[in-house]
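Asks: The lines below spell out each chain.
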Amino acid sequence: MNYIISVIIPCYNAENTIKRAINSVINQSFGFDNIELILYDDASTDNTPNIISDYADKYPNVVSIFSKNNSGHPSKGRNIGVQHSHSDYIMFLDNDDEYHEDLCKNLYEELISQNADYVSCGYINMDEINNHVMNVPYFKDYITEEFDDKIIFDSSNAIYFENRIIWNCIFKKDIISQNNLFFPESDYYEDIFFSTKYMVFVNKAIYLKNYFGLYRHVRNDSLSNSFDMDALNNLLDVTINLFEDIKGYGFNNSLIFKGEIYEFFTRIYIQNLDKSSKQDIISFLRRLKKFEEDIKFNTSLGFIFNFINYFILKEHFEISLFCFKILGKIYRSNFLRKIYRKLIK
Amino acid sequence: MFKISIIIPIYNAEKYLKNTIESVIRQSMGFENIELLLIDDNSKDNSKNIIQEYSRKYQNIIPFFSKDNHGTACYGRNVGIENASSEYVMFLDNDDVLDEEICEKLYDLIIEENADLSCCNRLIDDGKSQVSYSFNKNKTAGKNYLILENDDVVTFNNILVHGKLFKKSVLIKNNLRFHEDKTSEDFIFCTECYLHFKKIVYLDEYNGYVWNIVDSSISHTNDAYLIGNIDASRYLYNELKKANKDQFAPKIFKFTLSVIFRYCFTLRSSQDIKKVLKKLYDFEDELNFSIEKDLLYINIINFFVIRRKFTIATILIKIMGAMTRNNFIKNIYRKIGAS
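Protein chains in written order, with numbering that gives the first Met the number 0: chain Y, 0 to 344; chain W, 0 to 338.
You may find that some hints are simply not true.
Stated by the list, open to error - Computed footprint of chain Y on chain W; a stretch qualifies when at least three of its residues, placed anywhere within it, have a C-beta under 8 Å from a C-beta of chain Y:
id, region
1, 25-34
2, 308-320
To be verified - Far from chain W by the CB rule (all over 10 Å, computed), these chain Y residues:
id, residue
3, ASN1
4, SER28
5, MET133
6, VAL199
7, PHE200
8, GLU243
9, ASP244
10, ASN251
Calculated from the structure, these hints are not laboratory results. Cβ coordinates follow ideal geometry from the N, Cα and C atoms, glycine included.
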């Protein structure tokens, strides 16, 4: 029996949230019997495997895969999910998040009616305090056509549509298989790696700008504590790998990687730089400089980062490090942060 | 920064591609002096991965991937011309190999003589043996290479793209590119180049390029190829007229004519042969000159072609074809020592 869409959820120790995620797929207005739900358990140690088994027993279109060893990343579950899927269209969901009930229907119908290779929409970040409505960024010079409800990107523009998350969009399985696309098993950026490479082969991408189809449950401990120099170097490795893979396609790599470089800068000053050795930080900055040269980076990062980047490119790493430390202090001081915000505005 | 850019257009070449690339890396000139451009025309086999592998390993290997297939190697060669960063460019097909010394030899020669083109001979490799193919029998005293200048350039009958080092600035300045919509693009490209080159040096005793014809995708033994050749000649004749160099047409097309007849020998069907001869007649009719022919058999056959006696000409071609295929007769022919 062939299904229209496969939804793949990699699961790990998610007993508190997994039912919410799964139910949001079952409640799809698209019709759950058109969906193949693939649940990959990455050797959870809590009650997640039992929950998965219950759903698999109850519904014939729920496929459960249990791994004996924990791989440490959601990538493996996604890759295996794609291999096992029986549908032509693929969507992903993380075990913390949930779909809006019309997500599958809206994405699928748009894809088919427009003969597109990729459709995505906005999403909502929900943390403990607020809901933030998120629009997907894109470079305004690279739109093919804009309507009231959607924006279309053609073959040469699709790569500049910067939706790097993978849960608010629909993919075509044949593009994934024919080009051997996969999620690398790394701590970070595995979704950016996958979706950027996918966009290389897209002839038509659509962004439903007024529809917000995904609820992301964001935890507040994300950025500041979990990043150290090892993590930053890992991030840079994935970014360099991605560049090596797409550099032959003649894109404006300066634009494509602008977001990543901006994020590197942000992550550097946010972490507590006193915890890392100066040598480690400078080695990282040196690698970053080489990467910028390789991609011929020539885009603006904003006044302050441009200023710091000037010193990095001239190999005055000590000065740039000093600037990062100042930024870090501003970030961590409420008083200074308020002044900083007033100055920026 | 780099002395030479080598351009390889690639399509479904997984079988031989590594060998081809390795022959560039092995160059006696030093691979660090070479920029290697690998242009993939949307291959469906493992070629893309091979390209990725090499371009990650070497900084001077530049990959180009296309989302669409363009059908001929012209696309890749043109992308190469436009993106090469060195002063001199060389073209390599994705299943051929370069001799280890070709870059060093051709580069030193083109620099020393300040030429627009330096070239050598190629070996034909059919998987069993290698046969050298040389274009010129004349020797220049004192040197092991020939210098051709001014009017000698345009009648240089070496119309292959293999085994040549081109001065890129002349190509760019005169907008010389491979025509994607035509067959016999090598013939057209070289002849158009010769209209704009002032000095060529030809290392005529050196085999620098090995042409692999084992799985060759291009068939030289069908009538469509030969008709394409004639159409290309017609196009070139018009270009010659525009450049006021049509006085050289007889010499230039002499070689083309002998090539066409020789390939006609390999055609089996009388219908195909007649088709080619009719096209040839149309072409010769248009020219207001007669092509120089110094080979006896060409004279005889062409005598009937220009009088529209296609049947007789076809019979003669079939006889000659059979003779060239018959070893016994070939030996006698060789002993008599034909020209």
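Asks: Compare the structure with each hint and give your call.
Replies: Comparing the hints with the structure gives:
1. Residue count for the region 25-34 of chain W with a Cβ under 8 Å from a Cβ of chain Y: 0. That is fewer than the three needed, and the coverage hint is violated.
2. Requiring three or more residues with a Cβ within less than 8 Å of a Cβ of chain Y, the coverage given for the region 308-320 of chain W is violated, as only 0 such residues are present.
3. Non-interface status of Y:ASN1 relative to chain W is upheld: no Cβ of that chain comes within 10 Å, the nearest being about 25 Å off.
4. Listed as outside the interface, Y:SER28 is consistent with that label: its C-beta sits roughly 35 Å from the nearest C-beta of chain W, beyond the 10 Å cut-off.
5. Remark: the non-interface label on Y:MET133 is consistent with the geometry, its nearest Cβ contact in chain W lying 30 Å away (cut-off 10 Å).
6. For Y:VAL199, the non-interface assignment is contradicted: its Cβ lies about 8 Å from the closest Cβ of chain W, within the 10 Å cut-off.
7. Look at Y:PHE200: its CB is around 7 Å from the nearest CB on chain W, not clear of 10 Å, so calling it non-interface is violated.
8. Chain W draws Y:GLU243 into its interface by the beta-carbon criterion, the shortest separation being 5 Å against a cut-off of 10 Å.
9. Not every beta carbon of chain W lies more than 10 Å from that of Y:ASP244, the smallest distance being close to 7 Å; the non-interface claim is violated.
10. For Y:ASN251, the requirement that its beta carbon stay farther than 10 Å from each beta carbon of chain W is met, with the minimum near 15 Å.
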